[in-house]
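Student: Line by line, the protein sequences give chains S and L.
With the working numbering, the residue at position 62 of the first sequence is 169, and numbering never jumps.
With the working numbering, the residue at position 74 of the second sequence is 91, and numbering never jumps.
Some clues are possibly wrong.
Distance ranges between label pairs, derived from CB positions [to be verified]: (1) L:Arg116 x S:Val210: 38 to 48 Å; (2) L:Gln134 x S:Glu209: 47 to 57 Å; (3) S:Asp177 x L:Pro164: 23 to 33 Å; (4) L:Thr72 x S:Gly178: 32 to 42 Å; (5) S:Gln172 x L:Asp156: 14 to 24 Å.
In short, the hints are calculated from the structure, not lab data.
Note that beta-carbon positions come from the ideal geometry of N, C-alpha and C, so glycine has one too.
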Amino acid sequence: MTDDRHYLDHEEKSVVIVMTSGPSQRHRCATPFYMAAIMASMDADVKLFFTMEGVKLCQKGVPEQLTALDGGKTIIEFMRDAKAAGVKFYMCRPAMPGYEMEVDDVIAEVDELSSGGELADLILSSDKVLFF
Amino acid sequence: MECNGCEFRPELYYDAEFQIWVRIEERGELAVGMTDISQSIAGKILHVRVRRPGTLRPAGKPVATVESGKWAGPVPNLFDCTIAAANREVLEDPSLLNRQPYESWIARVQPAQPLEQALSVLLTGDAAWAGYQARCRRDGIACKRLPA
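This is chain L alone, in the form it adopts within the complex (with noise of 0.2 Å):
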């Protein structure tokens, strides 16, 4: 599924303004990563820093930050959580967003609170994809992947 171009995945979870993909992990741990939306509006990233495994992050307050060379802003957090890991390819290698936005999470996080309440404040499945081609349309945003 795209919309101008930029990929939806149904499964995933997203925040309002489609700048976070979330995915349930093993552990009742939940992946972070950039949407289509985002990687596209940031444009070739060079940048990626966590917050420290281990530190208590409350909603609102980001998991990482994420530089281009003309974009610079957060990834948010909608739930309180603790930073669990983070992607070292990512890291090492923040083009990889990029490439393969869906591949490449940037933080996994435990839910301070059970999994469905975290996940309650997210939009999936189709009342996400209705979201997130109204996103793609207001702003005018298409798809700038760079290749695989």
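Extracted from the complex, chain S is given alone in its bound form (with noise of 0.2 Å):
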């Protein structure tokens, strides 16, 4: 008889993973996107947020070059597989300014920037809240 964790039950569930890690903790950027695809595989409405020095993260040149582990795979193909499984990607525009970043520094999986009341309404309408 086959193990009944191999078989999906999970009813649709709205999902918003706050990504506040930058590369100051590259070891701390993988994860959130593996997951995050997993959720989205599973059914799940899965929103990414990112705030703080996670938004360095979407600045054209840095997801590119960072990797979570020496020779691993770099942050932008784990970004690149939640897209891919259906993941939204939502930048905090405040924290902009502070990591001296303008719109046109942003890479295109970004879906939208958005504002900090935008991040509180995901939060507050979402079934489950993340923060990595």
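Both chains come to you apart, so use the hints to assemble them.
Tutor: Structure below.
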């Protein structure tokens, strides 16, 4: 008899992942995208919101060069896997000046530039909220 | 037939990104599996989980999830269907997908519409071969199959 853990029974849920980690903690920068991809594949509506140092992962040239582990896959590849699974990316516009980022610096994978209020809306309306 | 070492089988049906193959089975069912391209991108597959048999799956909702150490993602579904069965051998030994991707189906599904209508959203034959080669070359995908 096949183990029950092999089967998926989940109902649709909404999940927001708040990504605050950035290049200074590179070891924290791959797993959130991996988990986002899994949850999206399990029918969850997954939104990933970059804020604080997390916005640096949305700066052109940064995720392409960054790996969580030496010799590992780049962060942009993890981000693209999550996007391919259906995850939507939001970036905190108010955090941009602090990291000297302009709109033209933002990678194409970001779906929307959002306000703090929109993050609050997402948190209050989602079934699950995760912070990394 | 192969491109960059990735095997292609012209008799199968494929999605536009060549993530999955589809094969006609008995009783109007369709078997779904991962292509050589997909298993090469994923690397050694550690876990496969399938929607429970009997579950209705609308177009766009995956039939299964696949995880390797470096990649996680869905097994896409392009038409309304019901999960008919999961391949127990693959569930117990997911690395079969890396060793024998075209022998190792993941799920069998029963399309909600006539078979021809379900298959009409997929590519096969020459058109599929052209797209398969284009994907391999565009993304620089080389086969990384595990020994059988």
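Student: Hint by hint, note whether the structure agrees.
Tutor: Here is how each hint holds up against the structure:
no. : hint                            : verdict
1   : L:Arg116 x S:Val210: 38 to 48 Å : 47 Å, holds
2   : L:Gln134 x S:Glu209: 47 to 57 Å : 49 Å, holds
3   : S:Asp177 x L:Pro164: 23 to 33 Å : 27 Å, holds
4   : L:Thr72 x S:Gly178: 32 to 42 Å  : 40 Å, holds
5   : S:Gln172 x L:Asp156: 14 to 24 Å : 19 Å, holds
When each numbered hint is compared with the structure, no violation occurs for any of them.
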